[in-house]
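Residue numbers (my numbering), protein chains in the order written: chain A, 1 to 354; chain B, 1 to 328.
Which chain A residues face chain B? A few, computed with CB under 7 Å, are given here:
hint	residue
1	I193
2	L205
3	S312
4	M315
5	A326
6	S330
Cβ-to-Cβ under 7 Å is the rule here; a few derived chain B residues that face chain A:
hint	residue
7	A15
8	A30
9	V167
10	V284
11	A287
Keep in mind the hints are simulated off the structure, nothing from the lab.
No experiment lies behind these values; they were computed from the predicted model shown.
All residues carry an ideal CB built from backbone N, CA and C; glycine is no exception.
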Amino acid sequence: MASIDTPLSQFAAAEPLEKGSSLWHDAWLRLRKNHLALFGAGVMLALVLVCIGGWLFGQPYYDQNIYLANATPGSIGIRVTPDDSPYDFATFEMLDDEGVFTDAPESQALRAALLGGKTIRIGDNQYSRNYHLLGTDKLGRDLFARLCWGGLISLGVGLAATAVALIIGVTYGAIAGFFGGKLDAFMMRVVDIMYSLPFTIFVILLMVLFGRHLILLFAAIGAVEWLTMARIVRSQVMAIKRMEFIEAARSLGFGRRRIIFRHILPNILGPVIVYITLTIPSVMLLEAFLSYLGLGVQPPISSLGVLIKEGSEVMEEYSWQLMYPAAIFSLMIFSLNFLGDGLRDALDVKASKD
Amino acid sequence: MTRFFISRLLQTLLALFVIVTATFFMSRFAPGGPFTAEKSTTPEIEANIKAYYNLDKPLWWQYRKYMWDVMPKTFRPTLLFSEQGGIDLKAGLGVDFGPSYKYSNRTVNEIIAEELPVSIQLGLPALAIALGIGITLGVLAALKRNTWVDYAASTFGMVGLAVPTFVVGPIFVLIFALQLHWFNASGWYTVQDRVLPCFVLGLAYAAPIVRLTRGGMLEVLNQDFIRTARAKGASEARVVFRHALRGGLLPVVSYLGPAVANILTGSFVIETIFQIPGLGREFVNSAFNRDYFMILGTVILYATLIMTLNLLVDIAQAWMNPKVRLEN
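Could you put the whole structure together from the sequences, leaning on the hints where they help?
Written out as structure tokens, the structure is:
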């Protein structure tokens, strides 16, 4: 039996403690086994990279070309810079009325040179090849460029509105959960009542009646989505604040703010992250829905919802204009849902509703 | 249970009041008015129109009058639903939603009476399709967990959640109406007109039902009373239908409240895509037209429906769950 005055060095010399395994490390190990979730994350990452690449290095999404409206995927057009003097070729009688190269030898030579990837200068204008991987829309805008831009806008709206929901929801839920009692009962009753309101109608009314500002869109969607966040955060905070380490913090004389921000909030990060990944797709769906009704983002900015709407208007003749945006949009929602579900399993979050 | 019921009822009434008030003032403070789109009228004519519709009175007066008009004052179910399938809110409930500004000479009551039945005719088959497909696939997926049946059903649920109706709708039209010519792309007169919209609407709600049923069933199937039922030799069918289904469908019941209201009042998207003369379109159109009473009428109708159904769902759930039923 060790006496009281055993030197501390004796403990240090004992076997080293087994290295602890953190919550995040465990979660990562579990997530790594979930192939669907990893697949979702990979697809999402790839889509975002393609969108950013297309936006930075591709053609401008707003460049119109009336000669090449509704072109099939893989069409090749001519890009003219500066774009306020399009198709000077016509004055050189290289193009016919429909913008097609004539049979004249010099015209065909020019065409071959352009197709070969050469940039040609005539006067102040510069002509180069414009490859439309996914075709063009009714104004001759490159669909791939619009898709990249629209995808980023859709994701951006999803992120921004989720951030709004996150800030409101976490603050509200943390206050209700931490203070408890009458305040909590009142605050949660308010949430209950708001839950039963037909919010989609309100968002639509708001957008129709007060114009379609992007900020209003974020605020409206964020205001709908914070309710679930508040409920989740509240129930987590209530569970955690009864734990011993919070009591310890309190007995050390820490202030309420420090306890909430330093001790409680970091411990509810798991459920919050899970909920964020699941909120982003639902916000994107809502935005696409509003855009489909013509109430979302306004032209020339596009979002995937806008592209789907425009595509479905001409789907009889030009079905690819509907198919590509619809496929990209569904793929994004799909991967985000898989990722969210995987994270929920990995972090072992119970989707408690009360 | 009684206390629970009364408090939920009061909460519902309060929420309805808040909705009507908020919508009333929101639509009034929005820029534009119902007559701004009209051809240029002389100020006298406009003043006359406004006086005719009481729009020249103080806003507070208008609000009070409207609130009184839409308050249910009688209840005569025989008059509410006529034999022709019409709905007379004025005679049946004493509810008067006022005139429509856009469709002159028609009241909001008349428009609702005309268009709500269409939406319901669209909604009921869709609801049946959603429940039929959703519950069947969900139960099968839970029973055959981790087999191809489960994966197929879960994939269906995932796809249904990720692909919104305004994508499914046009694609179905493209395939089944324009390419294969099985059904019609729009209209609301023959069976061939109605198949596609009902299916698209139904599929949209089937997907979440699959997921909810599967989750609920899995939870229930792991519980002791199911093992007991199996141990005493009950057949698999009896275990599933008599014992498991009741608990396993609890999550579906709570989802059905808002879903049924959404389905029955018609989906704007479906009614727009398939050009169906239902009430769903009016939600958006009336707001665009600043048709004040039409906005309010549709919002009140929808809100009442959704909140009544939510109330019913809460009560049903409390009743189905002994833990809640026996509290208080």
